[in-house]
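Just so you know, the sequences run in chain order A and B. FYI, in the numbering used here the residues of the first sequence are 1 to 389. FYI, in the numbering used here the residues of the second sequence are 1001 to 1141.
Accuracy of the hints is not assured; some may be wrong.
What the hints assert, rightly or not - Capping the alpha-carbon separation at 35 Å, the derived lysine-lysine pairs in DSBU-like fashion look like this:
(1) A/K19 <-> A/K274
(2) B/K1030 <-> A/K120
(3) A/K264 <-> A/K231
(4) A/K181 <-> A/K15
(5) A/K120 <-> B/K1017
(6) B/K1017 <-> A/K19
(7) A/K359 <-> A/K120
(8) B/K1044 <-> A/K264
(9) A/K274 <-> A/K120
(10) B/K1058 <-> B/K1044
(11) A/K264 <-> B/K1058
(12) A/K163 <-> A/K264
(13) B/K1030 <-> B/K1017
(14) A/K181 <-> A/K359
(15) A/K359 <-> A/K274
What the hints assert, rightly or not - Sample of chain A residues with no beta-carbon within 12 Å of chain B, all distances over it, derived:
(16) F25
(17) N60
(18) L75
(19) D82
(20) F132
(21) G144
(22) R151
(23) E152
(24) N170
(25) L173
(26) I197
(27) D252
(28) P273
(29) D310
Read the hints as simulated data drawn from the structure, not as lab findings. Note that the structure is predicted; figures quoted are calculated from it, not measured. Think of the CB as a built atom: it goes at the ideal place given N, C-alpha and C, for glycine as much as any other residue.
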Amino acid sequence: MRDREIAIVGYSETKIELKSGRSVFDLAGEAMAGVLEQTGLDRSDIDGLAMSASFSDAGNPFQGPMMAGYLGLELDWTQTTDMGGGSVTGNVARASAAIRAGLCETVLVLASDAESTENKGNVGLWRTEWQFPVGTMGPPGYFGLLSTRYREQFGLDDRALAKLAVTQRNHALLNPLACDKLRKPMTAEDYLGSPMISTPIRMLDCVMVCDGANAVLVTSTRRARELRLEKMVHPVGYGERLNFDEGNPTPDITLGGHSVAGPKALAQAGLTPKDIQMFHPYDDFLIAIVMQFEHIGFCARGQGCRFVMDTDLRYTGTLPLNTGGGQISAGQAGLAGGGHNLVEAVRQLFGEAGDRQVKNATNALVTGIGWIPYARNWAANTALVLEAA
Amino acid sequence: MSDVARDPQAGIRPAPKPSSMTTEFWEGAKQGKLMLQYCRDSGKFQFYPRPVSIYTGKRNLEWREASGRGSVYTYTVTHRGPAPFRGIAPYVIVTVDLDEGVRMMSNLVNCEPEDVRVGLRVRVAWTATGEHQFPVFEPDR
Chain A
1 MRDREIAIVG YSETKIELKS GRSVFDLAGE AMAGVLEQTG LDRSDIDGLA MSASFSDAGN
61 PFQGPMMAGY LGLELDWTQT TDMGGGSVTG NVARASAAIR AGLCETVLVL ASDAESTENK
121 GNVGLWRTEW QFPVGTMGPP GYFGLLSTRY REQFGLDDRA LAKLAVTQRN HALLNPLACD
181 KLRKPMTAED YLGSPMISTP IRMLDCVMVC DGANAVLVTS TRRARELRLE KMVHPVGYGE
241 RLNFDEGNPT PDITLGGHSV AGPKALAQAG LTPKDIQMFH PYDDFLIAIV MQFEHIGFCA
301 RGQGCRFVMD TDLRYTGTLP LNTGGGQISA GQAGLAGGGH NLVEAVRQLF GEAGDRQVKN
361 ATNALVTGIG WIPYARNWAA NTALVLEAA
Chain B
1001 MSDVARDPQA GIRPAPKPSS MTTEFWEGAK QGKLMLQYCR DSGKFQFYPR PVSIYTGKRN
1061 LEWREASGRG SVYTYTVTHR GPAPFRGIAP YVIVTVDLDE GVRMMSNLVN CEPEDVRVGL
1121 RVRVAWTATG EHQFPVFEPD R
């Protein structure tokens, strides 16, 4: 990837809304039209579609072809990826591979979900057998289990979590596409005083499920030049790990797959964590950000909270964090939420982030998290390094 | 530590939906036996039940009765649960490392939420959910 032969040439994101009443197809159409308008490309320039599976259209085993039909796309390659919040970053890598293999030239990496309007998800087997009777149906219970264990091994500094919450909220205040319900100022005291959901997870540790869509356009750098596209960023490193330590029936759940995917992506890019100028981690819970700092190698294990306290994570700071607000303060567009942080990173590297523009950043690290397996750390881990052209 | 009988979720747990891979577990549960899959090639147990050994990928598996004893690996006290657990008193979710070397997720009953600790020794207890007996854990005093 380091050869810069692949380019992201456009991005688009809808407003993130609570209970929009819209379908995944409607939202996706808005995202595709946005990226065509931005790039000036014709719909016929798109010959590949990498889609993320959604909750809203779950149960439809033809999500990709039906989407392509709604969007009027005639394609040489398509696939639907079902790694939840890891799908979008994963799809940038899959699109890159398909382009390099000659399967297609220009791929729309598309994610759309209206989970807060309609959720047709129906995950059975061990979930209905072993999890639902226990009362862990929602992710807060799982992240409560993760957080308690983390606290037991390393201690958990509430001030660090509060700082993450406030930093991201301040970024959402500068992002007009963030969910309006969340675009209200927040203090550390607000975070600390928010109701306990499942100890030690508070209400303001959690994402709010919303509706929304996002898209990036991936092509070869050669093709981008032929199309006379001026703006581009290059994916220069990617790592992925599904089911970290799966053969271990009693794993240390404070460790996870980003400890493999993160260093792999950085090594491909020829970078170390110190070289990263912006961090756009997947954030479904604040503790996930703390753990990713450790897993990827920004700091040692158990030092995540201290790293947060010692680092200026504002968009004006030394390591800007989720400058669009992250999902926790912009809203989680269902299973399309993994695209929010990616689109923000591309937007920043294009220099189009408006009031929250990070100055002089030439690279970004974006991550994805998806699927919570039985009694373990999260299952899907992705890490993607982007560099400005 | 309290000795009071405590299980805010009693009677409202949704019944588990067994699959073809778990018949032996639920048959054993009816007799108060905690049955686990055992891989004959590696000499190790596994949970949840799977079509193959997680150690070898092969199907050389059998069912063995477990001791039902273990210790709390981690826990969370749920104050705002999903349906059908909305509005009930806080309940405790635990993952337990059984002495056989597998981890199970369940509830801790007969224990006040403030008394749960990582490392707490526990033993299996059974509670009726639909037509099945579901495994929960209680302090092993």
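Structure-based check of each hint:
Under the criterion of a C-alpha separation no larger than 35 Å, the hint pairing A/K19 with A/K274 is inconsistent with the structure, at around 40 Å. A distance of roughly 33 Å separates the Cα atoms of B/K1030 and A/K120; the hinted pair therefore holds under the 35 Å criterion. Distance restraint check for A/K264 and A/K231: the Cα-Cα separation of roughly 27 Å lies within the 35 Å cut-off, and the hinted pair is therefore satisfied. Straight-line distance between C-alpha atoms of A/K181 and A/K15 comes to about 12 Å, which keeps the hinted pair within the 35 Å bound.
With a C-alpha separation of about 19 Å, the suggested pairing of A/K120 with B/K1017 holds against the 35 Å cut-off. Between B/K1017 and A/K19 the CA atoms are separated by roughly 31 Å; this keeps the pair inside 35 Å, and the hint holds. Between A/K359 and A/K120, the direct Cα distance comes to roughly 42 Å. Violation of the 35 Å bound is thereby established for this hinted pair. Note on B/K1044 and A/K264: the hinted pairing holds, with a Cα-Cα distance of about 32 Å set against a maximum of 35 Å.
A threshold of 35 Å between alpha carbons decides the hint, and for A/K274 with A/K120 the separation of about 42 Å lies outside it, so the pair is violated. The straight-line distance between the Cα atoms of B/K1058 and B/K1044 is roughly 13 Å, inside the 35 Å bound, and the hint therefore holds. Annotation: proposed proximity of A/K264 to B/K1058 holds, straight-line Cα distance about 30 Å (limit 35 Å). This hinted pair checks out: A/K163 and A/K264 have alpha carbons roughly 29 Å apart, not beyond 35 Å.
Between B/K1030 and B/K1017, the direct Cα distance comes to roughly 15 Å. Compliance with the 35 Å bound is thereby established for this hinted pair. Proximity of A/K181 to A/K359 is assessed by CA-CA distance (about 28 Å); at most 35 Å being required, the pair is judged to hold. Note on A/K359 and A/K274: the hinted pairing holds, with a Cα-Cα distance of about 17 Å set against a maximum of 35 Å. Its beta-carbon lying about 28 Å from the closest one in chain B, A/F25 satisfies the requirement of being farther than 12 Å from that chain.
Distance check for A/N60 against chain B: the nearest CB is about 23 Å away, which clears 12 Å, and the non-interface claim stands. Distance check on A/L75: its Cβ is at least 35 Å (rounded) from any Cβ of chain B, clearing the 12 Å threshold; non-interface status holds. Once the 12 Å rule is applied to beta carbons, A/D82 is consistent with being away from chain B; the minimum gap is 20 Å. Chain B draws A/F132 into its interface by the beta-carbon criterion, the shortest separation being 5 Å against a cut-off of 12 Å.
Once the 12 Å rule is applied to beta carbons, A/G144 is inconsistent with being away from chain B; the minimum gap is 3 Å. With a least CB separation of 9 Å from chain B, A/R151 falls inside the 12 Å interface cut-off, contrary to its annotation. Annotated as non-interface, A/E152 brings its C-beta within 12 Å of a C-beta of chain B; the closest such distance is 5 Å. Chain B leaves A/N170 outside its interface by the beta-carbon criterion, the shortest separation being 27 Å against a cut-off of 12 Å.
The non-interface label for A/L173 is consistent with chain B: the shortest C-beta to C-beta separation is roughly 27 Å, beyond 12 Å. The non-interface label for A/I197 is inconsistent with chain B: the shortest C-beta to C-beta separation is roughly 5 Å, within 12 Å. A beta-carbon of chain B is positioned within 12 Å of the beta-carbon of A/D252; the least distance is around 10 Å. The beta carbon of A/P273 is kept farther than 12 Å from every beta carbon of chain B, the shortest such distance being approximately 28 Å.
Here A/D310 stays apart from chain B, with its beta-carbon at least about 27 Å from theirs, past the 12 Å limit.
In summary, the structure is inconsistent with hints 1, 7, 9, 20, 21, 22, 23, 26 and 27 from the numbered list given earlier, while agreeing with the others.
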